[in-house]
Each structure stands twice: as structure tokens, then as C-alpha cells.
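Listed here are the chains, written in short residue letters.
2 protein chains.
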Amino acid sequence: MAFEYLSNVPLEEAVEGFIGALRDRGMKPVAEMVPVGESLGRITAEPLYAAISAPHYHACAMDGIAVAAAVTFGATATTPVVVQPRDYIVVDTGDPLPEGCDAVVMVEDLVYAEGDSVEKLGTCPVALYSSVAPWGNVRQIGEDICAGEMLLTSNVRIMPAAMGAMLAAGVQQVSVIARPKVGIIPTGDEVVPPSANPKPGDVMEFNSTIFSGMVRQWGAEPVVYPIVPDKPDLVRATLQQAADECDIVLLNAGSSAGRDDYSSRVAGEVGELLYHGIAIKPGKPAILACAGNTAIVGVPGYPVSGIVVVEALVKPILEQLFGCAVDQSQTVEATLARPCTSSLKYQEFVRVRLGVVEGKTIATPLSRGAGVVTSFVKADGMMTVPQNSEGYETGESVQVRLLRPFAEIEKSLVVIGSHDPLIDEVAQLMHASAPETSVASTHVGSMGAIVAAKRGENHCGGIHLLDEATGVYNEPYLEKHFPHGGVRQVECVYRQQGLMVAPGNPLGIQSLADLACEGRSYVNRQKGSGTRILADYICKQDGIDPSKIYGYDHEEFTHTAVAALIEAGSADAGMGIYSAAKMYGLGFVPVCEEQYDLLVPDYAWDTPMVQALIATLRSDEFRTRIESLGGYRVDQPGRVRRHYE
Amino acid sequence: MAFEYLSNVPLEEAVEGFIGALRDRGMKPVAEMVPVGESLGRITAEPLYAAISAPHYHACAMDGIAVAAAVTFGATATTPVVVQPRDYIVVDTGDPLPEGCDAVVMVEDLVYAEGDSVEKLGTCPVALYSSVAPWGNVRQIGEDICAGEMLLTSNVRIMPAAMGAMLAAGVQQVSVIARPKVGIIPTGDEVVPPSANPKPGDVMEFNSTIFSGMVRQWGAEPVVYPIVPDKPDLVRATLQQAADECDIVLLNAGSSAGRDDYSSRVAGEVGELLYHGIAIKPGKPAILACAGNTAIVGVPGYPVSGIVVVEALVKPILEQLFGCAVDQSQTVEATLARPCTSSLKYQEFVRVRLGVVEGKTIATPLSRGAGVVTSFVKADGMMTVPQNSEGYETGESVQVRLLRPFAEIEKSLVVIGSHDPLIDEVAQLMHASAPETSVASTHVGSMGAIVAAKRGENHCGGIHLLDEATGVYNEPYLEKHFPHGGVRQVECVYRQQGLMVAPGNPLGIQSLADLACEGRSYVNRQKGSGTRILADYICKQDGIDPSKIYGYDHEEFTHTAVAALIEAGSADAGMGIYSAAKMYGLGFVPVCEEQYDLLVPDYAWDTPMVQALIATLRSDEFRTRIESLGGYRVDQPGRVRRHYE
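Chain order of the listed sequences is A and B.
To get my numbering, take the position in the first sequence, counting from 1, and add 265.
To get my numbering, take the position in the second sequence, counting from 1, and add 265.
FYI, nobody ran anything at the bench for these hints, they're computed from the structure.
Fair warning: there could be bad hints in the mix.
For chains that are exact copies, the list does not tell them apart, and a pair is met inside one copy or across any two.
To be verified - DSSO-like cross-link-like pairs, simulated, lysine-lysine; straight-line CA separation at most 30 Å:
#, residue 1, residue 2
1, Lys385, Lys496
2, Lys676, Lys293
3, Lys805, Lys610
4, Lys293, Lys496
5, Lys293, Lys610
6, Lys385, Lys293
7, Lys719, Lys813
8, Lys625, Lys676
9, Lys610, Lys847
10, Lys464, Lys805
11, Lys719, Lys464
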């Protein structure tokens, strides 16, 4: 194995080389015996053979009489055969077939002589009007399982029915693959255990929780070590201990530059460094090393990079060397809703939202920020852009590995449009009343809703577009953009827009004009959002030069992001809705009430998701919930204001 | 709710009525708080909001200097701006952005005056050749998560990334749905705990293990009560106790007729009987009752019926009333390989094997015996034949609900043909070396292999067809049945056929002729099997009238089934292979050595599964394993004897 340092090794080569090295050094699964009752979901270590047959005896399959079939031969509807008590034995279902018998006649088929009846069965003769074949109404030995037969091969997951089959086959203990131990070592001076009140500069250590969950899902057992400060001796000692105790060790670096050089040095001291630098993004600084037959994986500190590295480098070890978690994830073909550029240098993993609209699966790339862990929470799939590709254009067909069952994705309401926290509340109410549905929302502003509907990419989207000429909301825009119709404008809410300011409004800000001066700062919404259009409109109306407002170019995608920045003191004001200001306890200077509608393309109207949405909007629960948020007025939500035909 | 007794209620109506009754009586989920670290796979009970933003402070995203972006404005490649030490602060990645700063300049972008260097950073002026925008190289508060935002709705499964997101959002405890308790009561005088040495008549109690695994997979917690004998008072007392302690109680009847009447009486005494008799097969005698807001489900004793009832009646309660286990199982369209008749009276659930052959998904119905638990182990899917349907013809297109991921099924080698235990050994070796492949084998005899290949339904099948005229194996049959070619004849093994007899051959049986007399009994293989053809051939050759052999019509589908019956003393002899006789410790009277080949249709040849099969046949492991079984001779397994083109 060549020693490579700060390389840019293609992923496939690194995985192959690493697994080969580990195999050469003796990494392999260990078997352990567990009681069958505790084996659910475990992986068989060896082929499993039946110890006894099932049934293990010839069992009567009916209540009736057991006979030698031969005594019934010749019986027909016209010429009955009479069987004497000495030639039959009364049996119940499940009884062992008595010696000398090879068939059972059902109690319903017995005919009694006058004066006899079922009560006398056992002592009276009975007449049969049809014969029974040898082994008729008998569950023969081995009908289900023959002793010595292979019930399961090795390396298969044990399911409930198999547990039953094992017990039926006289097997009470099963040899399964011991769960490989995966040690997780968080490091970093700035890293602290999770808390509800972290100090500025504290980086909360939640990677170990994520990685633990991941490896647990793949059939391994996580072992989390305490956070180690950035002292080489301490890191080395913990890594050595973990390498002794575990099959795989994840050394999770802090987020500062230079940390991974330092990790690679320690990994090379405790074991043998094989690779440092893999051609993947995120995750490039990953480290692969062996200490004896223990794998050491240096995992970057940012959670998204970490997840990608653990998935790309640890899962294959569990699969290929321990037989756990054989990847059954499905891949689907999807149409890309936005361009996705990528570096030639790396294989890039891009999280995407998926939605099925008009029978087409649409993939929308999510934030690629290395620190944006919610991109994994929202992700429905993972798209891979190969090394040496510059990425994909809008409308290109891409392959996406599913992170959720496709059946779930098919029932997901794809909301692309203006942001309002009420969308999350709708998602909650809708999912609670129709659990098979879910909501995948992307915040791209009101114009984004129109573009998405034109392209056939959403089921609905929020719009609040003020027409400067008429002062009317939405209608003029829809008439212009859908001259041939094909959409419905659905009433949602009226909401209070205004300037969010620090609590108590200490600077006495009353309008945008108050921000166009030295020493004041603003935080804006992105172009194309209804709120941005409103701010631009007010500037124009009031004759304010936006370039005089510091931060007017500072764009955020949601009302809550704007509110969070004002609360943090990073800006003095920002346009937004009352509910966001209230959520953050901010001051609020009302500007206007606006009409927030939902745009629903005709192609989506009859889907169960849109119908569930409409039902939710019309429900009392929605009214109650929205009114409790503050800053909203509700009239007839769910009503179709106008169908553009 | 109408009281119904021994009815034949359609399943849908029963489920709806039962769930409605339970809801009316107050059945609903209970929430409990668990630490985030222990929440993997649990279902949220409430929508979950971020307590703090993530990042919770403005974090420097690079090592470098923090500045007020404004001081860098105007810097270009030709006109640098010099920043004095008082106007910047040295920062590392992850540091909080210092007061008064709103941007970071990367250390790589700093240019030093002569004599200065990075070591003096903090005390020396630095020149910048480009400006930095406000918030450049800063991870702003809320970049990932804004405080107050909804992270998850209620009723969603918690995945690893969501656990990380919760901790990042300052959430340390999460409200999840408490696992509903499902009590399981086994009953029956004949029912005993599983053992390795059951007595004849003992029915081993493994249903509770199967049901426990099933409800555990759906997110509930099983509680298994000790086996209760058939005494009404004892059953009533246990049912009462379980109803008090659990949310759902499964009362598992014994297998004897009349047991379910008795169960329904007890259920009606402890609670209120709602339905007895559902129009499903298997599972008709199911019982549905309520005791307060506890569900009581009377489950038939046979395991297959039990599994169907638990799936059809208990899963919907967990899904619809507790929000667990929302069914995401996929349905595929498949072509039926055999006819499947069904009663008009019931909705029938039929387990099927699935395989993808030539791009077509083929469904083969498995045994419908109520006691055949292995039919669930082998099943890849469940086909439903609706009430009022007489079933389906061969070649009809049917909908099948998947029990395994389709990705797994696609990689399954479909073996349809003659039975030999070596097929299981091949499956084991193949799966061990190529874990993504598996084997689905169906035993229908050698002629079945030919029929399946003609219809495009298998990837391979075992054949050992002796041509009476020439004494040659297989070739004459393949020439006749594939006049236009399209198949390969692949060498597998030579195997010893003979008469399996009791150990030591106490009756001194030497040939089939010895069985054609009073007091002897035989067990045969099914028509179309190579072994049956051999037996028929010998009878003809030796002038034996098969009708004189008692049991010649008694047909079994495998060598092991024949061996098991001889071992049990149910027959004196049966034709079969040496390895089966050896497995059961039987006597063996050799008859001939036969050539057991594999038939591989051309359409299947290039599939990864067939290629893995050929590689396995050619491996040393195969040779070693087969020789250890006894009764086989191995020459050049995996060699193509002849390609019929």
C-alpha cells in the first residue's frame, strides 16, 4: 500500500484500497450466539439448518376419526363403507396420528346408524360415503420444514417469520454477526457538550449523536468517547484506547483549519496512515488509517462533511467486511429544478428535495453549506455529481439515491414560493390529519412560485405580489404570467407587514427613510420575494435611494432569518411579517396588510396532497392556530378566489 | 355498533368499524419525553420548534482577520486598502465575530509590508487587494436554523440528522409517542414452549415470537403472557389482566376446531364483542372486541393465519390510532407464473415469490397451507385476491405488495426446476461471495425447469431427465423442447439415486419390485420430476404395475420430504438421492448415478446473478462442500456442456 499524503484520491479507489488493507490485516466479522427471541433484525453468521422437522409428527389436521385409508377404499355416494369402532380412533385437530392410521375423516363426513350420534363416537360404527386418500387430512411430518434443510443462508437479516420457523425447526439459539463496535472521538478546544444556552464561540458536539444514529441503523454499536481537547498527547492516548476497544474508530476533528493535518499525524502515530485527502466534496480532508485490523477514519468537523464521510467510507466497511447493512437504497431518475455546478476536481454529493409533480420526479438541490445540518433533515435524496463533471443544467435528468421511501415522496406536497411560517403550521396540521401526506417546502419568493408553476415543478406556492399600478395583489401578476390560464388563486390569509426593529424600537425607526443614513443598518429579503418587491416599491414611492441604506444588499431568504439577525443586533431593521417579529420578541412598525394567497396549478388540483391542503386551510384547527400566531387575519381560507381558465 | 356474530364482514368494513369504535372509546397515543440521544427511530408526538438559532452566534468561517466590511470598500487589484491593527482582530474559524465587525478576510488574502509576516499579524498593518462584502466569510446566526422555526412536524420518524439538528437548536428532550403496549396471550392445552425435543402432539408456541417481532417492527412494545391452558376462567383472568396493562391484546387461540367460539365468548365477557368472522383467508375466525379503550383481537392458532390477522387488523390500529408504522410498503405489478384460484367468499392473501426475469417481474404463489410458516420466510410479496374474485390465470398481471426491497428482488437468482439440497448450498456460497445476490428456488421438477425457461420465468433450473430410448440424460429433452435453441446446458454434478429405506434396511428391500406387494408402502415424487420419471422408467423396464405399489400416488416435492417420511416410518421406501438419505441416517439401495445439469436460458446468461452462479459452481469451495455431502461426484461443474443455438 503506497503512502499518500494530502492527496486527492478518487473515492472508489480509496474505498477499495482501504477495504483491501483492512482485509489483509485480518478485519472480519465475529459470530455470537443469541436466543432466537432476541435475534430480530440481526444478520446470520452461518447458514442455518433445521434441527427437527415441522410438524415434527404426523398431525391430524381435522377433528374426526383416524383410519387406515385402505379401509375406506370403495366408499361412494351409493355404496357406503361402514367402519367399525375397532378400525378407527377419535382424534382432534393437532393430535398425533395414531399408530397404524394414515388418514383422517372429518367429523362432518361421518354418518351414524339410527340411535347413534356424535356423542357415541368411539363406540359405534360409522358409515362413509366417500373414501379418503392415504395422508388425507393429515399434516405430514416435514410439511413445512424437513429436518436438515437449510432455513436461511448466512448474511441475511432475521425477520419475524424466520424467528418462528427457527423455533418450529427446533433451533433455539442462532449464530449472528456480533455488532461491530464503532468508536467515536470528538475533539476540539471549542467543542462543548450540547446545551440549551451555549456561549458565543462554543461549538456544540452533536456529531457523535448523528454518527451514533447512522452506525446503529447499519447494525453496528457506537461507543462515544468524551470530548478531547486539542492536545496531541491526549488525542493520541484516546485514539490508542479506542483502537484497542473498537473495530472502527472515527476521529472527529474540530472545525478550524489545520486540524486535519494534526489528526493525520496522530493517526499515523497510532496506526499506519493510508490516505489523507479524498476527491469528494464535502469531505475532502478525510483520513484513512489502520491500527492492526482496526480502521481509523479521520472525519472533518463540519456535520455535513462528517455525515458524507461516514456514509462514503464507514458504511462500505460495515457492508463489505462485516456483512451488515447491505445497501438496498433505491435510485430514481429525476429532473433537476435548478442548475447545479460542481468542481471538476471532486465527486460531489448534493442533497436534494424530491417531489412528484405531474408524474415527473423533480429534484431541487438544497443548501450545500458544510454546516447546514438541516439540509440532511430536509433531504429526500442524494445526487452525486461525478468527478470531472462541471455539474448539471436545469431540466437535466439526474440519478438520485433515495433517503426516504419513494412511496412517501410521492405523497409529498411540493410547496415552492414565498416564505411564511404558516406553511410549517399547515404542514403540521395536514400531516396530523392525513399522516400519509407530508410537505416539502422551498422558500424562493412569490415570483419563484410563478416560475415553478409554469415549469410544472410545484403543487402550490405562496404569493403576495403587489401591483404598483393598481394596488391590487396577485391578480395582475397571474393574468400576465398565465395568459392561457391553468392556475387557481386560493385565498390563504391577510398578514401584517412592517419593519422589524429591536425590542422597544430604541432608535425610533418609523419608516425605511429613517434607515437611509449613516450608522443605521438594514437586512433585506432576496430579489423576487414579495417582501423585497414591497420594500423596493416603498423606496420608489418615498423617493429613497436604496444604495443609501447600509445592508440593503444583504439578502436573506426567510422572515425568521431577518428577525434572527435583528435580534442579534446585526441590523437595525428589516421588512417582515408580524408573526416573525413576535417569535423573536422584536419591535414592529406596521407598514401594510397584505394578501397572501396560494397559487395552485390546475395539474395539481386533484392530487390527494392538494385536496388535503385545501381541507386543512378550511379547517377550524387552521383558523385557531393561525390566529394564535398574531399578525394574521383570516377570512375564508381555502376558497378559490379565481380560476384562471 | 351492531353486534355481529360468526359473520363474514369484509375486511375494510371491519377495520373501519373497529378503529371507529376504539377511537370513540378514547384510544389515542400518549406522549413521553426522551433525551434526543435516545430518540432514534421514535415518532414525534408534537411539532418540534428550534429553541435557539444555529449557529447561535455569528461565527467566523475562516482563519483571518475580522473587520468592519466598510473599511475594505474601494480595494482593488490596483489600489489596495491598508488596514491598521486597530481596525482588525485576528480570528480563527469558529470564533465569534468580534463586536463592531461584520466580515472576515481570509489569512491567504492578506499582504504584508516588507519585514512583516503572518507572525506579526495583530500588530502590523495589512494590505487588501479586494474588498469584502458585509457578512463575507461569516456564518451568520441562523444560517442553518432560526430560533422558533419548526424543525419537525408531529408524527415523523426521528432520523440521525434530525437528532443533530435538534441538539444544534438547543433541544435536548423530545416529545415522542410512547410505544403502545401489545399484550400477547398464547392459549391451548396442547401448546408448549419451544424446545429441541418436542413430543408428538406438542404444539410449539412460537406465534408469540413472530407477533412480538412484527409489532416491534411497527414501533410497539410486545408483552408476552405465559401460555394459558384451555380453562375459561384462566383465559378470562389473563385477558382481563392484559386488557388492564396493554393498549392492544392478542388472544391467540389453539388450533383445534371450536377454540375460537370459546375465545369469542371470553372476549365478550371481558369486553364488548364487535366482530367474529372476517371475510379473509387465511384468518376468517378473527375476533375483534373492545375492553374500554383497549383493543382485543382474537387471533387464529395457525401461524400463517395469525400473521395475516395481525398484519390486517393490528397494524392499522398502530398506524391510524397511534401514528406508528405508517405503511410505506411498495406495490409492484407482476405476471403470475401459475394460476391462483380463490373463493368468492373471502379476500385472500397469497404469499408469492418474486423474481425479475427478462425485465418482467414474475410472481409465483407459495404454499397456502395455514401451518406453513416458511411460506412467509420465502415470501417476497403478498398478493391480494379480492372478495368476489375467483382468482387469476397464469400470465395475468397482478399487484403485489413487497415484503422485501425491490432492489433485493431484482438481484435474486430465480431457480425453478428439480430439487436438490445442493441448490441451498449454492445459494449459501453465492450469497457469501456476492452478498448483493440471493437465490429464490422453487421445486417443480425437471420438466418444470423446461416449462419455466420456455415461458421466460426462471434464470436457471436443475434437470436430470433420462431419455429411455438412448439412456442419455437431458440432451434429447433439450433438443426436443428447444428446437430453435436459446438455452445452455451447464454441467453441475453426478449424483447417486437409489431407494431410501429404514436404517439397516430391515425389510431387505432391493428394488422397486420388492415394494409391489401387500404390507409394503412407498412414497413417491411428483409427476414431472426427474426422480419420478426414473421410477416410472424402472417400473416399465422391470414390468412392475405401479398400482400394486401402495403409496405410489403419494407425492412429495423434495428428496428431503421423502426421507423425512421414511424416517418417521410412514413409508418403507422412496426413490431419492444419497445425500438426503445420509441427512436422515437412512439405509440406501443404489439404483444408478445420474447426471444433474443446470438449464440456463440465453436471456439470463449475462445477468450478474447467473454469472455469480457460474463462478460459484467453478469455485473450490463448491467442490469441497458438495463432496462433504456424500453421494455426489464432481467433474467440471460450471462448464457449458452444450449451447443450443
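Taking the hints in turn, this is what the structure says about them:
For a Cα distance limit of 30 Å, the shortest separation of Lys385 from Lys496 across copies, 24 Å, qualifies, whereas the shortest one inside one copy, 91 Å, does not. For the homomeric pair Lys676 and Lys293, the shortest alpha-carbon distance between copies (24 Å) is at most 30 Å, but the shortest distance inside one copy (42 Å) is not. Taking identical chains as interchangeable, the C-alpha atoms of Lys805 and Lys610 are never at most 30 Å apart, the minima being 46 Å within one chain and 75 Å between chains. In this assembly of identical chains, the alpha carbons of Lys293 and Lys496 never lie at most 30 Å apart, being 33 Å within a copy and 53 Å across copies at closest.
In this homomeric assembly, Lys293 and Lys610 never come within 30 Å of each other (Cα to Cα): the closest approach is 34 Å inside a single copy and 54 Å across copies. In this assembly of identical chains, the alpha carbons of Lys385 and Lys293 never lie at most 30 Å apart, being 67 Å within a copy and 52 Å across copies at closest. Taking the closest pair of Cα atoms, Lys719 and Lys813 never come within 30 Å of each other, the shortest separation being 36 Å inside a single copy and 81 Å across copies. Both within a single protomer and between protomers do Lys625 and Lys676 lie at most 30 Å apart by alpha-carbon distance, with minima of 13 Å and 26 Å respectively.
Neither within a single protomer nor between protomers do Lys610 and Lys847 lie at most 30 Å apart by alpha-carbon distance, with minima of 46 Å and 61 Å respectively. For a Cα distance limit of 30 Å, the shortest separation of Lys464 from Lys805 qualifies neither inside one copy, at 42 Å, nor across copies, at 93 Å. Taking the closest pair of Cα atoms, Lys719 and Lys464 never come within 30 Å of each other, the shortest separation being 46 Å inside a single copy and 73 Å across copies.
Of the numbered hints stated above, those contradicted by the structure are hints 3, 4, 5, 6, 7, 9, 10, 11, listed in ascending order.
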